[in-house]
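Participant: Given these sequences and hints, build the entire structure.
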Amino acid sequence: MQAIMLKAKLHMARVTHAVLNYEGSCAIDGDLLDMAGIREYEQIQIYNVDNGKRFTTYAIRGEEGSKIISVNGAAAHQADVGDRVIICAFANYAESELEAHKPSMVYLMEGNEVSHTANAIPVQMA
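Take the sequence shown: its position 63, counting from 1, is numbered 63 in full-length UniProt numbering, and each next residue is one higher.
Think of the hints as simulated: they come from the structure by calculation, not from any bench. Be a bit skeptical, because a hint or two may be false.
What the hints assert, rightly or not - Here are the simulated distance ranges between beta carbons:
| id | residue 1 | residue 2 | range |
| --- | --- | --- | --- |
| 1 | Gly-73 | Ile-4 | 22 to 30 Å |
| 2 | Asn-92 | Glu-40 | 17 to 25 Å |
| 3 | His-101 | Glu-63 | 28 to 36 Å |
Claimed, not checked - Below are the DSSO-like pairs computed for lysine-lysine, each with C-alpha atoms no more than 27 Å apart in a straight line:
| id | residue 1 | residue 2 |
| --- | --- | --- |
| 4 | Lys-7 | Lys-102 |
| 5 | Lys-53 | Lys-7 |
| 6 | Lys-67 | Lys-102 |
| 7 | Lys-67 | Lys-7 |
| 8 | Lys-53 | Lys-67 |
Glycine is no exception: its CB is placed at the ideal position from the N, C-alpha and C atoms.
Facilitator: Here is the structure:
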């Protein structure tokens, strides 16, 4: 049996560009891609915290150190510059991998500076 699990997350990234007339995708600072373990051309889900829209696209490598998060093509209708987004990648894991699986999560602050990283989401309290 296999399960689709969270592989990587960029939490609270700020959209720096929304470019309608660009070949579709989401350009992400290469350093952030590497830190999260998201590969270029990998399918990603983007959840816009500010307007509630959720959409699927793929990651492309942005200039390292640029802090760019550019939502491109038709997806540019889903996010405005300055919006806070959560970018997630998922992968299939075999049953034997599930117990040891830990996603790679990168938490961002204003300006897409890294706040911290983690491999688990804290238990939500009631």
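Participant: If a hint holds in the structure, say so; if it doesn't, say that too.
Facilitator: Tested hints:
1. One distance hint, 22 to 30 Å for the beta-carbon pair Gly-73 and Ile-4, holds here, with the actual separation near 25 Å.
2. In this structure the supplied range 17 to 25 Å holds for Asn-92 paired with Glu-40, their Cβ-Cβ distance being about 19 Å.
3. For His-101 and Glu-63, the Cβ-Cβ distance of about 31 Å falls inside the hinted range of 28 to 36 Å, so the restraint holds.
4. At most 27 Å may separate the alpha-carbon atoms for a hinted pair to count; Lys-7 and Lys-102 meet this at roughly 8 Å.
5. A hinted pair counts as satisfied when its Cα atoms are at most 27 Å apart, and Lys-53 with Lys-7 qualifies at roughly 21 Å.
6. Simply put, Lys-67 and Lys-102 have alpha-carbon atoms about 25 Å apart, close enough for the 27 Å limit, and the pair holds.
7. Between Lys-67 and Lys-7 the CA atoms are separated by roughly 21 Å; this keeps the pair inside 27 Å, and the hint holds.
8. Between the alpha carbons of Lys-53 and Lys-67 the distance comes to roughly 22 Å, so the proposed pair stays at or under 27 Å and holds.
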